[in-house]
Amino acid sequence: MSSLVLILLTGIGLGALYFLVASGLSLIYGLMHVLNFAHGAFLTLSAFVGWQVAQALGTGSWGSFLASILVGAVVGAVFATVTELVLIRPLYERHIEQVLVTVGLSFAAVALFEGIWGTDAINISGPVWLRGTTEVLGAKIPNTYWVLMVAAAIVLAALVLFLRKTRYGMIIRAGVENRAMVTALGIDVRRSFTLVFAIGGAAAGIGGVLAMHYSTFVSAHLGSTLLIFAFIVTVIGGLGSLAGAAIASVLVAVLQQFANFYLDGTGDFIVVALLAVVLLVRPRGLLGRAA
Amino acid sequence: MTAHTAAPPPILTVANLSASIAGQQVVEDVSFEVPATGITAVLGRNGVGKTSTLRAILGLIHRRGVVTLAGERIDGLPTHRIVQRGVGYVPEDRDVFAKLTVAENLALAERDRNPHREFVAALFPDLVARRNQMAGTLSGGQQQMVSVARALLNENRILLVDEPTKGLAPRIVGEVADALAEAAKVVPILLVEQNLDVVRRLAADAVVIAGGRVVHTGRAADILADDALTTRLLGVSGEVHT
Chain A
1 MSSLVLILLT GIGLGALYFL VASGLSLIYG LMHVLNFAHG AFLTLSAFVG WQVAQALGTG
61 SWGSFLASIL VGAVVGAVFA TVTELVLIRP LYERHIEQVL VTVGLSFAAV ALFEGIWGTD
121 AINISGPVWL RGTTEVLGAK IPNTYWVLMV AAAIVLAALV LFLRKTRYGM IIRAGVENRA
181 MVTALGIDVR RSFTLVFAIG GAAAGIGGVL AMHYSTFVSA HLGSTLLIFA FIVTVIGGLG
241 SLAGAAIASV LVAVLQQFAN FYLDGTGDFI VVALLAVVLL VRPRGLLGRA A
Chain B
1001 MTAHTAAPPP ILTVANLSAS IAGQQVVEDV SFEVPATGIT AVLGRNGVGK TSTLRAILGL
1061 IHRRGVVTLA GERIDGLPTH RIVQRGVGYV PEDRDVFAKL TVAENLALAE RDRNPHREFV
1121 AALFPDLVAR RNQMAGTLSG GQQQMVSVAR ALLNENRILL VDEPTKGLAP RIVGEVADAL
1181 AEAAKVVPIL LVEQNLDVVR RLAADAVVIA GGRVVHTGRA ADILADDALT TRLLGVSGEV
1241 HT
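Residue numbers (our numbering), protein chains in the order written: chain A, 1 to 291; chain B, 1001 to 1242.
Note that these hints are calculated values from the structure, not bench results. A portion of the hints provided could be inaccurate.
Okay, the calculated beta carbon distance ranges per label pair [unchecked claim]: (1) I270(A) with V1128(B): 50 to 60 Å; (2) G104(A) with R1073(B): 48 to 58 Å; (3) G104(A) with R1201(B): 53 to 63 Å; (4) V86(A) with S1020(B): 25 to 35 Å; (5) R1201(B) with A276(A): 55 to 65 Å; (6) H95(A) with G1136(B): 19 to 29 Å; (7) G1023(B) with S125(A): 56 to 66 Å; (8) L85(A) with A1007(B): 40 to 50 Å; (9) G1023(B) with L100(A): 15 to 25 Å; (10) T225(A) with R1157(B): 53 to 63 Å; (11) A276(A) with D1093(B): 32 to 42 Å; (12) A1169(B) with I270(A): 21 to 31 Å; (13) V86(A) with R1157(B): 32 to 42 Å; (14) R191(A) with E1092(B): 23 to 33 Å.
Even glycine gets a Cβ: it sits at the ideal position worked out from N, Cα and C.
Input sequences plus hints: build the corresponding full structure.
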């Protein structure tokens, strides 16, 4: 029983991390039809800068932990905004070139991060509580998972509120359905592109700082490792569907944890197999729109 | 000495407009003018480039040529700027945002500081009652009303209306035509329409397109009265349906 609870809750926690990365990917694809391969770079830079902020303020305090998350969100948002304005916008409506430029940026960013922070992973530390566990029905759940769940829940609630209650949220929802019609109502949809990139970058930034605490290290490849799973949950959830990304994040991570525990560490393989099955049986994903 | 009242200049002028989609030419050297009042119909057989002409005017597809709105060139502007200059658009197939409510669809269309909410509510009371309903769950006629209402919310200088009665039940066709007739009292309309009864009722002037080119212009009534002409250019008889 305790094993089941452990696998389930750590799966949900890991899914929360996937969602933090995948939410931005999904929004960006939904509105702009750009598969953003540079999303991992937003995450990695946020983690590095967040770590430096935490170090400057004293890594053991909750204040520095929260400050590093906040700074990570800002760094992710700024990096994403600059990327959209400088690299994506000049290639408006040229989707293949947009994808290629994000691939190029992801490679260049990793090389740059290795040049600045070195090629070795840097071990990090945080508040002592994060290294402890909390017992639930006999299962000792590492506390980082609770933080991931709370952070993902806050980000999900904030995104839903933004999309439902603001005019820009309405424009983004409409743009996901029919971008041309949004422009035909006199709305400059490109402003929403920048905003969506910024929001996605902020979520990835939060994810980056928390991924660093989850892994207990930060390296130039932190983002690229997570990006693969974020893409998988984005596709399984349905490209462009935030709700789909949230559901798929939890499904994929729980399945991954169960497979790792009961099927000799085959979690990654099972997840890729699931992706293949979804692409064959339901190419639009769980909640994606029919082509 | 007789006083002559000069006709007002056209609100929209299209000169040598060509357009292509995915490299294929869909509009070829189209030129016509839209008077500053009333409804001008764009007629032609299916697939001759009527919808593409409207989309080219709006910049929704790649185009060349000169388009002026009240004497001001708009062909170099992006779509949202053209619309902001006062060009309302009612697309073919309605294009309502299915996952947004009726109220959200309308709110999204509001550009002006004082949108014509009362006018639209009076014209389409059904939409007021259904304001919290998802637009995707409306009937075709109701979706068309949302689409027309979006264009009427703002102070436009012209409306481009594309096949507003397509696929609608006869009773709803009448309601949509009534709404367009009401709208035309305050704003000129360029109307693509296959239903010749609606054209006969609403349009003063007409432009006939064939093979991506303008092949005839004139009074709508005159064109529709010429049975040989309508049969040749539109593929249907212009006889009145009773």
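Hint by hint, work out which the structure violates, then give me just those numbers in ascending order.
2, 12
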